[in-house]
Amino acid sequence: MHASDSRSSVSPAGALDSARQELIQDTVRGTAGHAAAERYADRVDTLLQRLFFEAPPAAGPVAILALGGYGRRHLTLHSDVDVLVLFERPIGPEDETFLRGFLHPLWDLQLVVGHQVRDLADFAHLETDNPEFLLALLDARRIVGDPTVFTQFLAAFHRPEAHASILGQLQQLIDERHDKFNGTLYQLEPDTKDAPGALRDLLAVRTIARLTDPALLGHGPAEEARLDEAEDFLLRVRAIVHLERKRNQNVLSHELQEKAAQTLGYGGAQPQQRVERMMSDYFRHARIVSRSLEWVLKTAPIPVGVNLVQASDGIRFVDTQRAAREPHTWINAFQAAINHDTAVADDALALIQQHVDRFAAEDFFPSKGDLDALLTFLKPRPGLYARLSEMHDRGLLGRIFPEFHLIFSRVVRDFYHKYTVDEHTLLTIRNLERLATPSTPSRNRFGGLLAELVAPELLVLSLIFHDVGKWRDEDHSVESVRMARQMFERLDLPLESRAIVEFLIQHHLKMSLVAFRRDTEDPDIVKHFAELVGIEERLKMLCLLTMVDIEAVSLETLTPWREELLWRLYVDTYNHLTLSYGDERIRHDQSNMAELLAGRPPDVPETEIRRFLEGLPCRYLQLFDREAIYQHVQLSRDIQPDAVHAAVVRKGATWELTVVTLDKPYLFSNICGVLSSFGMDILRGHAMTNPNGLVLDIFQCTDNDRYLELNKDGRERLLDVLEAAVSGRVDVAARLHAREHSILHSNKVRRFAPVIHSDNHSSQRYTILDIIASNAIGLLHRISRVISRHGCDVDLVLISTEGEKAIDVFHITAGGAKLSDAAQAALTADLQHMLEGHDEVDQGDRPAQ
Amino acid sequence: MKLIKAIVRPNKVDDVREALEKLSISGMTVTEVRGHGKQKGHTAIYRGKEYNVSLLPKMEIEIVVDDTIVDDAVKAIIETARTGEIGDGRVFVLPVDKSFRIRTGEPAV
Chain A
1 MHASDSRSSV SPAGALDSAR QELIQDTVRG TAGHAAAERY ADRVDTLLQR
51 LFFEAPPAAG PVAILALGGY GRRHLTLHSD VDVLVLFERP IGPEDETFLR
101 GFLHPLWDLQ LVVGHQVRDL ADFAHLETDN PEFLLALLDA RRIVGDPTVF
151 TQFLAAFHRP EAHASILGQL QQLIDERHDK FNGTLYQLEP DTKDAPGALR
201 DLLAVRTIAR LTDPALLGHG PAEEARLDEA EDFLLRVRAI VHLERKRNQN
251 VLSHELQEKA AQTLGYGGAQ PQQRVERMMS DYFRHARIVS RSLEWVLKTA
301 PIPVGVNLVQ ASDGIRFVDT QRAAREPHTW INAFQAAINH DTAVADDALA
351 LIQQHVDRFA AEDFFPSKGD LDALLTFLKP RPGLYARLSE MHDRGLLGRI
401 FPEFHLIFSR VVRDFYHKYT VDEHTLLTIR NLERLATPST PSRNRFGGLL
451 AELVAPELLV LSLIFHDVGK WRDEDHSVES VRMARQMFER LDLPLESRAI
501 VEFLIQHHLK MSLVAFRRDT EDPDIVKHFA ELVGIEERLK MLCLLTMVDI
551 EAVSLETLTP WREELLWRLY VDTYNHLTLS YGDERIRHDQ SNMAELLAGR
601 PPDVPETEIR RFLEGLPCRY LQLFDREAIY QHVQLSRDIQ PDAVHAAVVR
651 KGATWELTVV TLDKPYLFSN ICGVLSSFGM DILRGHAMTN PNGLVLDIFQ
701 CTDNDRYLEL NKDGRERLLD VLEAAVSGRV DVAARLHARE HSILHSNKVR
751 RFAPVIHSDN HSSQRYTILD IIASNAIGLL HRISRVISRH GCDVDLVLIS
801 TEGEKAIDVF HITAGGAKLS DAAQAALTAD LQHMLEGHDE VDQGDRPAQ
Chain B
1 MKLIKAIVRP NKVDDVREAL EKLSISGMTV TEVRGHGKQK GHTAIYRGKE
51 YNVSLLPKME IEIVVDDTIV DDAVKAIIET ARTGEIGDGR VFVLPVDKSF
101 RIRTGEPAV
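Residue numbers (my numbering), protein chains in the order written: chain A, 1 to 849; chain B, 1 to 109.
Among the hints, a few may not be true.
[What the hints assert, rightly or not] Simulated coverage check for chain A against chain B, where a stretch passes if three residues somewhere in it have a Cβ under 8 Å from a Cβ of chain B: (1) 515 to 523; (2) 565 to 575; (3) 754 to 760; (4) 763 to 772.
Calculated directly from the structure, the hints in this document are not laboratory data. Cβ coordinates follow ideal geometry from the N, Cα and C atoms, glycine included.
Work out the full structure, taking the sequences as your base and the hints as a guide.
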């Protein structure tokens, strides 16, 4: 509407009075139903449009929106006029002038205005604590102002998660409202708005259908026209109540019932007869509304994602035409099914089956976000096998992974496997997902391994591909790797992930071979197997892969006896990897260095790499890829005593801190302490020292306080404090003390009794301390502080976290040698004392640094 | 006829099978068993906690052979299953009075 349309020679007060008189006339005639309410709302619209253009202009784009009943054009005589003044940008002084110019005249007109003033940014987060406002927003209607602001509001507000939240809250509001009426619609003095079966219930029916499945209204116990009729009746009655009460009251009391019955034209010789007929009609309408609400609550699907709802038969697409055009969204349906512990509905599966052949593998992952969605979907948990089987049955899995399609119903007649290759593969994933909730104590230990994996989805991806090479009758491990590489390229999988998946596929038969056919009591067999797997993460993945692979051969293949053998090999190899690795150091003539040296950047000389690597544990080369190693070499350049060269980078949900410095007493303790003092929770890490005293520590931490994310200079500040702590200019214990004793952390219960195991046999060079304790802020700092206080050097550390359990392995020496029995006993006693919650450091004993 | 029961290390089963096949002995039963003799098992440490391995996994091989080749069969088993370490296993030779084919009910030779 243009400004000129909204201007009139009649004053605003005159225009409003005229509109109200018209509505009053309708009311006394008993006809103030839908049409009258809409006419009155339109007249108020015109009034607001006029005041908008007469107000001083706002600085930026602004729109006036009608909310709630006014938004629906159901405005009765004393209804609140709910409006939202919505700015595109944050409000400035000129906007306030506009607001005064627009709102003050409304108040002068004695209109009861419920106004909200917001800018678009306010809708980035849902106001879940204000459900009535959210419901009112659903009916938002632009009266005047910038249409693009309204369009932007619609896009920001109408999101699946918002709808789901509103539906949940609406259900709660209905329950609370019905409780006030003892849950019955048969009120002899009914509230025409709030009572069960009244206007709010009718609105709830329409809202639920609108947010979930508009077609629902056509299938319920009453036709839409019947609901319209009920609404019209209730509006007419409510208008009479407003007129008689002269305020926004909605109770049709006994004394008003005679007047209402007469106004609505009910026949009867006596007032009582007219009232009885009117009330009989009222309950007839209220019953219809009430039944419709019950039905819609029971039947309505729930929004669970973009274009997805959860219905009684599972996950369905809302807009099927859109779904047919967007194959990259299909995986979301299966993800939603797992999240909500349901299936994908037959309709949705049929749609996928009907359209899947139109798309190529690339069409399912057009962006990195789609790859992330796939990897999230592949995380093993209950329901994954069932969903993958659905995908396979409908041709989707074979389309996403054409390599998998080649083993569809593939039979390999080896008289060993009991199922086709594709089903065997899917069963491995079922066996894996079952480990998320282990059924027996012996499975708990494998379930524990699964819970510890950093990227369990890569194990599932490996399982999907481990036997695809069986489409040919040759060495299937080699062929499976070749086919997996095609998938790596297609998905643009990160190099690190490719290496893991390729390793698992290539060696998926190796662990069973060693466990069942080699003498695992021979230390050399375990040593060679440990060399193959290299690091604990791969060992855990290979162990799980082996177990679920064997179990998927037939019901009888994985006997408790084999399970035990497998577990023993895992334990022996794990111990070798974590306890003995310090003895195997990188030599300058090592054969696997050639590739590393060949690919080095131009500014990193060969001699510098060799000098950096020499004396570090061999496992260093398996822990890090080439790029990371070059970065470590560069960080070590020109390092001086007390200097710290460090880098902090974000890696997914965690932060990785790499520190290079020169060794000194209390160093490890201080570094850990600084991290904890910034609220960083150290999840995993490695600390290494070479014979020249060069220290390389890599930590993966979660930033629970979002310090690094929220502070632009957070990284610089952390590194400054780190250097100050290493050089002794900052008292780390004092920094940490406040955080350790803060009220936020005071209620942390120690869930596990600490375990300390001292081992002088596994390594030729080091005494090894295996420490398992409840994870807590500053734990590593306190442990290493006790170790340093005993005059020990921390040479190597492996840090890992399993749920709330911290698992740390320290390789330590005192004066360059292993600890004596007496020294070990004294140290473990002190550690035990500290881990049981006693103060570990005598304040007088604190070193000057 | 004699029944030979051999308790051997799991990784020695294939070697024993091959050695017996060279003597034209086929048709063996292999069972997964657990137990301990003088080799009392061992205690493994996993993450600082002791993990008791008291019952060691072994394989039990059962064959029924003619009296004339009992000694050769036992010798072949011992030679192939031996590592020289505690836990190599045991061989038992038991007399077999009668043997029947279940399918036909006839006495087997």
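When the structure is checked against the list of hints, which entries are broken? Sort them ascending. Violated hints: none; all satisfied.
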